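With the sequences and hints as input, model every part of the structure.
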Amino acid sequence: MADLTKSILTLREKKAIVEKGGGEAAIEKQVAMGKLTARERIQAILDKNSFHETDMFVKHDGRDFGMDKKEFAADGVVTGTGTIGGAPVCIYAQDFTVAGGSLGLQHARKITKVMDIALKMKCPVIGINDSGGARIQEGVSALAGYGEIFYRNTIASGVIPQLSLILGPCAGGAVYSPALTDFVFVVEGISKMFITGPNVIKTVLGEDISMEDLGGARVHAEITGNAHFYALNEEECFEQVKNLLKFIPWNNQQKAPAVKAKEPKTKLNIEEIVPSDPKQPYDVRDVIRCIVDDSDFLEIQELWAANIVIGFGRMGGETVGFVANQPMVLAGVLDCDSADKAARFIRFCDSFNIPIVTLEDMPGYLPGVDQEHAGVIRHGAKVLYAYSEATVPKVTVILRKAYGGGYIAMNSRHLGADFMFAWPTAEIAVMGPDGAANIIFRKEIMEAEDQEAMRQEKVNEYIEKFANPYVAASKGFVDTVIEPKETRTQILHALKLSALKEECRPERKHGLPPF
Amino acid sequence: MEKIDKKYVDFSVMAGTYKTRLTKKFSNRPQWNKPEPGDVLSNLPGTIIQIKVKVGEKVEAGQLLLIHEAMKMLNRVVAPVSGIVTDINVNVGDKIGKNHLMIKIVENEK
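For the protein sequence lines, the chains are D and R, in the order given.
Counting from 4, one number per residue, gives the positions in the first sequence under this note's numbering.
Counting from 5, one number per residue, gives the positions in the second sequence under this note's numbering.
These are computed hints drawn from the structure, not numbers from a lab.
Computed from a predicted model, the values in this text were never measured in an experiment.
Check before you lean on any hint, since a few could be wrong.
BS3-like mimics (lysine-lysine), calculated; alpha carbons at most 30 angstroms apart, straight line [claimed, not checked]:
#1 R/K11 <-> D/K268
#2 R/K99 <-> D/K205
#3 D/K205 <-> R/K28
#4 D/K270 <-> R/K23
#5 D/K282 <-> R/K11
#6 D/K282 <-> R/K23
#7 D/K205 <-> R/K29
#8 D/K73 <-> D/K23
#9 R/K99 <-> D/K282
#10 R/K23 <-> D/K488
#11 D/K270 <-> R/K99
Rendered as structure tokens:
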């Protein structure tokens, strides 16, 4: 008996030492930066008392540069399992207070162990990144560690949701694990993410740039598009994580958890949002709010490529992914960034059994040398690929403009849309009336006495004839022309009908999307 | 919301003009200029190690102009065209960025 008590006490002592992380001074520094500790972060995300830590006693195997005499609590990363809303998740949090959260082989193997569990048990994995980078003293072993993580990120991709929280530095090779995951969360003033940091840039170029300006939260949320969610503090970030997890399934064999259906609660009138003049802007998110349950729309990558809107809402209690052109920003054009943004989201929805609703109002692709030279052709092709490839239910509503290549790209019937609706204000045509009239009636306009009057006449003639949904409807490319206020019920019916949708594809190892 | 110009501006796409906001990225996009065949630009950030030509010198296409150390490599920068070196905008030891105009050559008339 006495022995058992003693051994239990020894265990408790050992655990207490590890739980102190890098010690008081290091924790104080962490707190001063506005950061929680690794264990506090995990507690804040998981259900109360649900965290089960694994590998507390793992030791690093660095032998050189005096490393053999150093001990690092939990080897600088807290790993384990727990629950969120009662459902299991795997989680790890790098501990910056221990050797700067630096990654050595054993540190990495702790991470890959929980990733393996997540993949086997089919539950999401949440990674909290807060690390100075590779543990240089371990040399190539540290690189091996990163590689083993990247490999698992890739194998788990499309099988289980993977979330990355950047709650501190995440530099060099370390950035590629988040980049391979599905959702990246950043926090103002805390997240710092880059391949080469300000020091290297200063040495090579002599250019002075702060970490914040180079790879701070705002930069990744707005300019690079690496981040999906941007928060002002860690607490807000954890709420975003929990909110997102309510919308998505735990793995690719399940559907997202359904909740009780609710009517939209917005006071907005869907008939008054979209101006009839196709040249006037509006916020397409207002249309979404008129359609989704409780008017609750979770926007993703809100700040980056804002000319397209993506995110989750529910309809009839079930999760739906929305892709919508945003006429308020850059007239809602497709360009390199918005194509990347939409395509990746469509593929997430398709991987995780989430139906896609597309709201279309766009004049075409963004013209310009910079776009052409940046490869708008191969970027734009990703949208075509992602929509065509997707076998989840696909519903499109054309609100207003659907011109040219944009009409085809935005989940047209021709790319396999299951249901095509158009509002009576829809203009489905090979190009906008001005451009089309200039080409078709070039001769008439040139020969007219009053060219401008003739041009206007011909533009009007074109609008009359083609800038409507009825030409496409006459060919069956649009199934139904609907009133705006019918939009929700029509989509609900379409989704209900698609509940058991099956669509086969030829067998292949994998397709070749234009990466 | 993205940091965008608050007011709506006219924006042309395919012969149609729309009222919309612009993104910061779009407003800051670089202007395209036709490249001069004799402009020798750095294609990587790095350091000038050696300069092998002088202003006024006649050079042949393919002739070594300078050594530019970048990404741990001593890169041999050669003349893209035959002509006269009219400008050398770098000195040995200079740290330069990407697309820095290092040397200007006025091409021989064909």
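Violations among the numbered hints, reported as their numbers in ascending order: Violated hints (numbers, rising): 9, 11; every other hint is consistent with the structure.
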